[in-house]
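*Asks:* Sequence:
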Amino acid sequence: MALWAAGSFLVFIIAGVAGLPATTDEKPKAENTTTATSKKEDAKQASVPVSQPNESTTKKQTALLDTSLPFEKFASPYYALSPDKQTEAFDSVRNQVVNWSGVVIEAGSSSLYVYGKPADYNGESWSEISEGKKKLGDVVVVKVSDRSELNGLNQGDIVNFRGELGSRGAKGEAIWKLYNGKIEGRTVADSQNPGTITKAKYNKIKME
320 MALWAAGSFL VFIIAGVAGL PATTDEKPKA ENTTTATSKK EDAKQASVPV
370 SQPNESTTKK QTALLDTSLP FEKFASPYYA LSPDKQTEAF DSVRNQVVNW
420 SGVVIEAGSS SLYVYGKPAD YNGESWSEIS EGKKKLGDVV VVKVSDRSEL
470 NGLNQGDIVN FRGELGSRGA KGEAIWKLYN GKIEGRTVAD SQNPGTITKA
520 KYNKIKME
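Count along the sequence shown from 1, add 319, and you get the number used in the numbering used here.
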């Protein structure tokens with residue numbers, strides 16, 4: 320009887336041990352899963368290429384013309400380019416502010432017509448230049464914000480001005496246009512070149 324009881328007890332103990340859950344710790348598995356997920360995310364982020372500025376953006380940010388130069392030194396290399404390169408070069412500096420000087424052709428109600436190469440100016444009126452067209456590419460029209468700045472400006476005066484590049488010139492075809500312009504100084508023609516007379520003034524004397 321005692322042996323049977325002892326045997327039953329051993330069977331009970333063995334059955335209890337067999338019924339116990341496995342001793343494997345589930346928490347490390349969860350930690351390992353998290354770590355694996357983290358590694359996957361890191362790998363995914365590492366595989367995403369770093370965005371680079373596209374070529375067109377870079378071109379727009381890089382000026383192909385030097386806007387700090389006087390008009391003639393700015394325009395000469397521009398006109399030396401092929402037509403398609405002229406478009407690209409101008410687009411790279413569009414709306415930039417330039418500081419130029421030139422000789423007054425005519426002062427309108429809100430615009431000043433200036434010839435950018437004073438040494439080549441022979442006293443032509445704006446109508447003569449626009450009709451002849453040959454010199455159009457060296458004319459700068461300055462659209463001023465303050466019309467009073469044009470008061471007292473006469474043909475032949477040398478002026479310093481600045482403004483935003485709005486439209487580009489073309490040899491024999493189109494003028495340059497500056498917007499939000501400002502006249503920053505002038506030199507009266509007669510005091511600059513005593514004894515000189517412009518073609519327009521000469522024609523006026525003959526008519527009188």
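Because the hints were derived from the structure by calculation, they are not lab data.
Some hints could be false.
Stated by the list, open to error - The list that follows gives simulated cross-link-like pairs (lysine-lysine, BS3-like), each with its CA atoms no further than 25 Å apart: (1) 490 <-> 436; (2) 404 <-> 453; (3) 404 <-> 392; (4) 452 <-> 490.
Claimed, not checked - Label pairs and their computed distance ranges (CB to CB): (5) 479 <-> 401: 28 to 36 Å; (6) 407 <-> 427: 12 to 20 Å; (7) 503 <-> 403: 29 to 37 Å; (8) 385 <-> 446: 26 to 34 Å; (9) 382 <-> 441: 29 to 37 Å; (10) 467 <-> 492: 29 to 37 Å; (11) 404 <-> 471: 39 to 47 Å; (12) 410 <-> 462: 31 to 39 Å; (13) 486 <-> 396: 17 to 25 Å; (14) 444 <-> 486: 15 to 23 Å; (15) 471 <-> 400: 34 to 42 Å.
Positions of the beta carbon are idealized from the N, C-alpha and C atoms, including for glycine.
*Asks:* Indicate, hint by hint, whether the structure satisfies it.
*Replies:* Results for each hint:
At most 25 Å may separate the alpha-carbon atoms for a hinted pair to count; residue 490 and residue 436 meet this at roughly 13 Å. In summary, the hint linking residue 404 to residue 453 is supported, as the alpha carbons are separated by about 22 Å, within the 25 Å threshold. Only pairs whose Cα atoms come within 25 Å are accepted, and residue 404 paired with residue 392 is accepted, the gap being roughly 17 Å. A threshold of 25 Å between alpha carbons decides the hint, and for residue 452 with residue 490 the separation of about 8 Å falls inside it, so the pair holds.
For residue 479 and residue 401, the hinted distance range of 28 to 36 Å is satisfied, since their beta carbons lie about 32 Å from each other. Restraint check, residue 407 to residue 427: a C-beta distance of roughly 32 Å breaks the suggested window 12 to 20 Å. One distance hint, 29 to 37 Å for the beta-carbon pair residue 503 and residue 403, holds here, with the actual separation near 34 Å. The supplied range of 26 to 34 Å is met by residue 385 and residue 446, whose beta-carbon atoms lie about 33 Å from each other.
Checking the proposed 29 to 37 Å range against residue 382 and residue 441 shows it holds: the Cβ atoms sit about 33 Å from each other. A C-beta distance of roughly 32 Å is found between residue 467 and residue 492, which places it inside the suggested range of 29 to 37 Å. Checked against the hint of 39 to 47 Å, the C-beta distance between residue 404 and residue 471 comes to roughly 41 Å, which is consistent with it. Taking the beta carbon of each, residue 410 and residue 462 are about 20 Å apart, not inside 31 to 39 Å as hinted.
The hint said 17 to 25 Å for the Cβ distance between residue 486 and residue 396, and at roughly 19 Å that hint holds. For residue 444 paired with residue 486, a C-beta distance near 22 Å keeps the hint of 15 to 23 Å intact. At about 38 Å, the beta-carbon gap between residue 471 and residue 400 stays in the expected band of 34 to 42 Å.
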